[in-house]
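Here the protein sequences come in this chain order: Y and H.
Per this note's numbering, residue 1216 is the first one in the first sequence, and the count goes up by one each step.
Per this note's numbering, residue 150 is the first one in the second sequence, and the count goes up by one each step.
In case anyone wonders, no lab produced these hints; they're calculated from the structure.
Be aware that one or more of the hints could be misleading.
Looking from chain Y toward chain H, a few residues come up when the C-beta cut is under 7 Å (computed) [unchecked claim]:
| hint | residue |
| --- | --- |
| 1 | A1250 |
| 2 | V1254 |
| 3 | Y1360 |
| 4 | Q1366 |
| 5 | L1391 |
| 6 | S1392 |
Quick partial rundown of chain H residues pointing at chain Y, CB under 7 Å, derived from the structure [to be verified]:
| hint | residue |
| --- | --- |
| 7 | L163 |
| 8 | A200 |
| 9 | Y201 |
| 10 | L213 |
| 11 | T224 |
Not close to chain H: a few residues of chain Y, all C-beta gaps over 10 Å, as computed [what the hints assert, rightly or not]:
| hint | residue |
| --- | --- |
| 12 | E1227 |
| 13 | Y1283 |
| 14 | D1304 |
| 15 | K1305 |
| 16 | Q1347 |
| 17 | N1349 |
| 18 | L1373 |
| 19 | I1375 |
| 20 | P1376 |
The beta-carbon is built from N, C-alpha and C at its ideal position, and this holds for glycine as well.
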Amino acid sequence: MDSTLNNTSEEELVAQLRAQNPRAITLLYRNYSAALYGVILRIVKQEEVAEDVLQESFVKIWTAFPTYDEQKGRLFTWMLNISRNLAIDKIRSKQYRVGSKTQPMENTVTSHLVSADGIKPDHIGIQEMTGQLNPDQKVIIDLMYFNGFTQSEVAEELNIPLGTVKTRARMAIKFLSKLIK
Amino acid sequence: MNTQEYIDSGVLELYAAGGLTPAESEEVERLAAQHPAVRTALEECLQTMEAYALTHAQAPRPELEKQILRHLQATAETSTASAGKVLPLNPAAASTSARETSRWWQIAAVILLVLSAAANVYLYSRLRDTRHELLTAQQTTRQYALQVHQLENRSLQSENLLGVLRNPQTLAVQLKGVTQHPQAQATVFWNQETKEVYFDPANLPAAPSGRQYQLWALAQGKPIDAGVVKATESTLLRMKSIEEAQAFAVTLEPEGGSVHPTLEEMYVMGNSSR
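So here's chain Y without its partners, still in its complex pose:
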């Protein structure tokens, strides 16, 4: 995996952010902008909007940092959630709402990555492997992660029992977990 995202650097970064070291902002951006932007773009689907949301995300990460609690989870997860929530709020605002729920599953992920700059080879490797993920399982993870659906909304959208949503979510993440090890 990306060496800039390992635990040591995250710890250092947290310490610098806490000390309000100005260099920390630049470090934060360089380390995480691609990861956050990719997720945001996957959610809002328009580059212009994604850039706005990315800026909003960094502002929020910066201003809300005093509330970040290391005991509760990793910095990256916390930042991903901030970006995801802002992006999902965006697509739920009026101009995005129409049609977004009916066809949420366009498979544009690969094409994004092929055209993207600065993608590290091992990402493509994982990307190719996630292609092996059972589509029935993948759709559940994606609806929740990229569309902000709750488990019951997923069950309703796909017309399957709640128990099946849980089982498939578990199998999907088990499968992905094996891939990254």
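Dock chain H against chain Y, hints included.
Frame of chain Y, contents of chain H only:
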């Protein structure tokens, strides 16, 4: 709790993928804090989702870096400036103490807010009770005032009547039941000087609906209308003044009274000659 069962349920995966409601998420966090096994399993799910997120990584336009960093710098400066503080030489220590001070202010503000809210609730409920009590008291007062007024009226009437009755000029005429109505009885009080007539219908049976008793004075053998007997609670009724009468009689007449008495319906009669 069976932690393995909980881990196997898939709820941790839902948490990591963001498919739980805030309340459900809090429950997961709570259990993860309590059970190390849950925490470890959750950790793995989160790392997997991080990795999954990374597979979508895509660098934004390089120009965006300058723009966003400038914006962040501006945000940081604005928040410092709006706090109205001079940047201290030792920013870490000063900001810590500032943060602590502001935290104490926050705590104090929250406590004050809670106290004030509680006081508001308490005072509002007291206000409502008091308003209710005031309303009840006002109604009672109005009722008492009405009763006092009625009593005053009645007492005034009684005094007047007593004055009439005690007047030596007043003649009390007992009217006795005629053959058809032996139980009936009434009294006429007639002031010889002022000619005022009062009537006490005490022992007359209640008049049937649509009909009224009427008092007559008999002078020189002719009946003179002395007024109809209104149904009231008063014991004494003021009737028409009568100049001359040898006798008084009461008949039952259609409502409003008649010009001539219906002699067949006579109830009581009494002589007023001295």
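Classify the label on D1304(Y) as holds or violated, using whether its beta-carbon is more than 10 Å from each beta-carbon of chain H.
-> holds (13 Å)
Distance rule for I1375(Y), whose beta carbon must clear each one in chain H by more than 10 Å = holds (13 Å)
Taking the closest Cβ pair, is L163(H) under 7 Å from chain Y?
-> OK, holds: L163(H) within 7 Å of chain Y, min 5 Å.
Can the hint on Y201(H) be confirmed by a CB-to-CB distance to chain Y that is less than 7 Å?
-> holds (6 Å)
Going by Cβ atoms only, is S1392(Y) closer than 7 Å to chain H?
-> Constraint on S1392(Y) satisfied, holds at 4 Å.
Closest CB of chain H to the CB of N1349(Y) still more than 10 Å away = N1349(Y) clear of chain H: closest Cβ-Cβ about 14 Å, beyond 10 Å.
With a cut-off of 7 Å on the beta carbons, see whether A1250(Y) makes it to chain H.
-> Holds: closest Cβ of chain H sits about 5 Å from A1250(Y), inside 7 Å.
Status of L1373(Y), Cβ more than 10 Å from any chain H Cβ = holds (12 Å)
Identify whether the interface hint at T224(H) stands, where standing means a beta carbon of chain Y within less than 7 Å of its own.
-> At about 6 Å, which falls below the 7 Å cut-off, the nearest Cβ of chain Y leaves the hint on T224(H) intact, so it holds.
Holds or violated: is there a CB of chain H closer than 7 Å to the CB of Y1360(Y)?
-> Status holds, d = 5 Å.
Is the Cβ of E1227(Y) more than 10 Å away from each Cβ in chain H?
-> holds (16 Å)
Minimum beta-carbon distance criterion (7 Å), L1391(Y) to chain H | With a minimum Cβ separation of about 5 Å from chain H (threshold 7 Å), the hint on L1391(Y) holds.
Violated hints for the displayed structure: none, as all numbered hints are satisfied.
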